[in-house]
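A.B. asks: What follows is each chain in one-letter form.
2 protein chains.
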Amino acid sequence: MKTYINPAKSTWTEILRRPVFSVIELENQVQSVLTEIKSGGIEALRKYTEQFDGVSILNFAVQEQEIEDAISLVDDSLKKAIEIAAGNIRTFHESQVSSVKKIETTPGVVCWQKSVGIEKVGLYVPGGSAPLFSTVLMLAIPAKIAGCKEIILCTPPNKEGKIHPAILYAAQLVGITQIHKLGGVQAIGAMAYGVDYIPKVNKIFGPGNQYVMAAKQIISRGDVAIDMPAGPSEVAVMADHTANPAFIASDLLSQAEHGPDSQVVLVTNSSDLVVKVKDEIEKQLAILPRKSIAEKALANSHAVVLDQVADMIDLINEYAPEHLIIAMENYAEVAEKIINAGSVFLGNYTPESAGDYASGTNHTLPTNGWARSFSGLNIDSFIRKITFQEISPEGIKNLGPVIEIMAAAEELEAHKNAISLRLEELKDRK
Amino acid sequence: MKTYINPAKSTWTEILRRPVFSVIELENQVQSVLTEIKSGGIEALRKYTEQFDGVSILNFAVQEQEIEDAISLVDDSLKKAIEIAAGNIRTFHESQVSSVKKIETTPGVVCWQKSVGIEKVGLYVPGGSAPLFSTVLMLAIPAKIAGCKEIILCTPPNKEGKIHPAILYAAQLVGITQIHKLGGVQAIGAMAYGVDYIPKVNKIFGPGNQYVMAAKQIISRGDVAIDMPAGPSEVAVMADHTANPAFIASDLLSQAEHGPDSQVVLVTNSSDLVVKVKDEIEKQLAILPRKSIAEKALANSHAVVLDQVADMIDLINEYAPEHLIIAMENYAEVAEKIINAGSVFLGNYTPESAGDYASGTNHTLPTNGWARSFSGLNIDSFIRKITFQEISPEGIKNLGPVIEIMAAAEELEAHKNAISLRLEELKDRK
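Chains as they are written, first to last, in the numbering used here: chain A, 181 to 610; chain B, 181 to 610.
Hints are not guaranteed to be accurate.
Note that identical chains are pooled: a pair holds if it fits in a single copy or bridges any two copies.
[Stated by the list, open to error] BS3-like mimics (lysine-lysine), calculated; alpha carbons at most 27 Å apart, straight line:
#, residue 1, residue 2
1, K324, K227
2, K458, K182
3, K282, K324
4, K329, K339
5, K380, K189
6, K282, K294
7, K577, K463
8, K517, K342
9, K607, K324
10, K260, K324
11, K607, K456
12, K517, K565
13, K260, K607
Treat the hints as calculated values from the structure; they're not laboratory data.
Small disclaimer: the values here were computed from a predicted structure and weren't measured.
Model the full assembly from the supplied sequences, consistent with the hints where possible.
C.D. replies: Dropping the structure here:
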């Protein structure tokens, strides 16, 4: 972790440069797998599952009995924890549902928006060493609240052709409609094109390795939408003398243990704090099971000391972190000035872990500076806001002449005519 | 306009197939222009403006004096019409602003979303035969309401190096911060990379020809977001015996006059109505200035007769039209069942033109079936919903153990440790 003391503003972009994350190089390779899935169907899915997951799967669809077995295998304390987290996530995402507001913009002209769930959504949960059941909750709970009719989950099988019980437990808890033992590019291809009993969906959500990201990017040029662009996970911490160095070290390490390309940035007005945090990192790192991963991430990470809080805020807004922890005396005031961030954690007792798992906010957030233009997942990600309008005869009499003038000025006579015919008919009616 | 009487459901996909709209073929060509703009700066912009717009421009930025001249050139009746339309668009989009709701998901755990405007947005308004000032209103008014700090408008100059006064009038009315005489791929490149006095933006909005669309698609793989994927404009009309054939013909023609690749679909349970509408189309078409364009669009268009209203609804939901007019006796009831559409127009006196110009709804809508996963432009398009959370010592005591169990089960020990350290510190405090 390199430290910069009061670096000039002109150097910030360079200091905060993220490692290049481009999936373009993988595109040809991923494209050829996708093409084969599109034409080869289930057989192609089997072939690549053997190749990449090392297991031969006859039926990708998880059966009722497997879910029942899983329920009995999950520890009661974990079940209870998942249920509490699910409840909080549900409460927070339900609060995002907007009601229909009919607006009369001109007498007789009424307009409104109606939120309608995307019909079919595909959720991807990566495999790997540990079961990411928390991601099941974060993707499926808002989909269910949004009213998505079909919620398809794909997640890779292990070498025994099984899915971790905790994932199946979470999936049945939140109302997933189909679960398939399918990972990587195969999963994205199956949900994008529809393969046999795996339906084509309208939008695909969820994290994944760079092959999954490349596949999502490719299929999004066809007719399936994706949640957001990809990048490694990251956290920035803003801290002052009131921060607890051990807490900050633990927050930086939680991010660093995600992967060797994770980003960790500490921004503070206290040089003293940097020293203490580094000491604490060393202590805590020593006993971490994922020490070697965290070390790699820390090697690319920065501590920036800026005397002025205003500069600290500017630097954070330029960086646009996925996660931002503000451990400062006046954190509420500082938070007001944050305009580019995915999710913000306030004060000494609000670690990122809380939002990763259980506080209620979504943990699928814009990385790689995309917080400048994207929100994290929320109810909007799973709905369309369809606009409606209803104009009465009185309304068209009021507004029609305005439309006629504008259409004529844009030289769109048929647009004008659609108004004129109606106005004439209403005149005749008198 | 071909008519299908009660076609089998299995044939719908084929009947409703849209003309292939792919910009992939243009990508190499557009990429090379973009690359040159990235390295060549203002000189490259000048070169391509000469080449594509046939005019040599020294300073792309529109000057105060040009705006003042434009204001004096626009007809008072058009000014008034633009102001009324702007007022309605403002009223409707202001109603979409959501307030901050703090949610306590667990005692001591408070989460909320805050809407923050995207800092810098780039708006593109195409040139062509007529001045599309309505698009200026539709893009800039929500950007302003959202609180975007910099709103950059690019639109191509004419052969005299000027921008149509109506566009400048609309731009100054709605608070655009910079206007540049720049069209096509040059405009998209300038706003995506930032060229000299034209700033790099975070998100680019607006329609354009296939070169503009290809450029938007390419730059969206970098770090600039775009509003939505592209496709030709389209309208579907659902009608029964209560519909007015002349009105419907005028609505279909308003869509058809947009361009030769526009899509027009009539779905009805009355064969009789199809005959009458076709007669009316012939009559109205004869005197249209854009007759030849509309004829081409109509050649690819369809009338589908389905006896059952339920089938009409299913067909529309499968097609997912950009615009949908429901001219049926029980239109409110039918509208309730529409799940895939961009914007819906209800009853005999609600023509698409109203939403195109002045009722208040946005006219930038998802085409090409993208209504299955995208909304039309609305306030959400110009903001990010940043999540915030604040957890008190009591809150972390309540929720901490849940997070510890989940983090341990996902084998992320540093995540767990961030909680454990805080819980220990609170225990020590007693």
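A.B. asks: Now tell me if each hint is right for this structure.
C.D. replies: Evaluation of the provided hints:
1. In this assembly of identical chains, the alpha carbons of K324 and K227 never lie at most 27 Å apart, being 32 Å within a copy and 52 Å across copies at closest.
2. When the C-alpha separation of K458 and K182 is checked against a cutoff of 27 Å, the pair qualifies only within one copy, where the shortest distance is 10 Å, while the shortest distance between copies is 73 Å.
3. With identical chains, the CA atoms of K282 and K324 are at most 27 Å apart both within one copy (25 Å) and between copies (22 Å).
4. Proximity of K329 and K339 under a CA criterion of 27 Å is satisfied in neither setting, with 32 Å inside one chain copy and 53 Å between copies.
5. Proximity of K380 to K189 under the C-alpha cut-off of 27 Å is restricted to the inter-copy arrangement: shortest distance 18 Å between copies versus 48 Å within a copy.
6. For a Cα distance limit of 27 Å, the shortest separation of K282 from K294 qualifies both inside one copy, at 10 Å, and across copies, at 23 Å.
7. Taking the shortest Cα distances, K577 and K463 sit within 27 Å of each other only across copies (24 Å), while inside one copy they are farther apart (76 Å).
8. In this assembly of identical chains, K517 and K342 lie within 27 Å of each other by CA distance neither inside one copy nor across copies; the values are 47 Å within and 40 Å between.
9. Taking identical chains as interchangeable, the C-alpha atoms of K607 and K324 are never at most 27 Å apart, the minima being 50 Å within one chain and 39 Å between chains.
10. Taking identical chains as interchangeable, the C-alpha atoms of K260 and K324 lie at most 27 Å apart only when both belong to the same chain, with a minimum of 20 Å there against 46 Å between chains.
11. Only between protomers do K607 and K456 lie at most 27 Å apart by alpha-carbon distance; the minimum there is 22 Å, versus 81 Å within a single protomer.
12. Proximity of K517 and K565 under a CA criterion of 27 Å is satisfied inter-copy only: 14 Å between copies versus 29 Å inside one chain copy.
13. Taking CA atoms no more than 27 Å apart as the test, K260 paired with K607 passes between copies only; the shortest distance there is 24 Å, against 68 Å inside one copy.
Violation of the numbered hints given earlier is confined to hints 1, 4, 8, 9; the remaining hints are satisfied by the structure.
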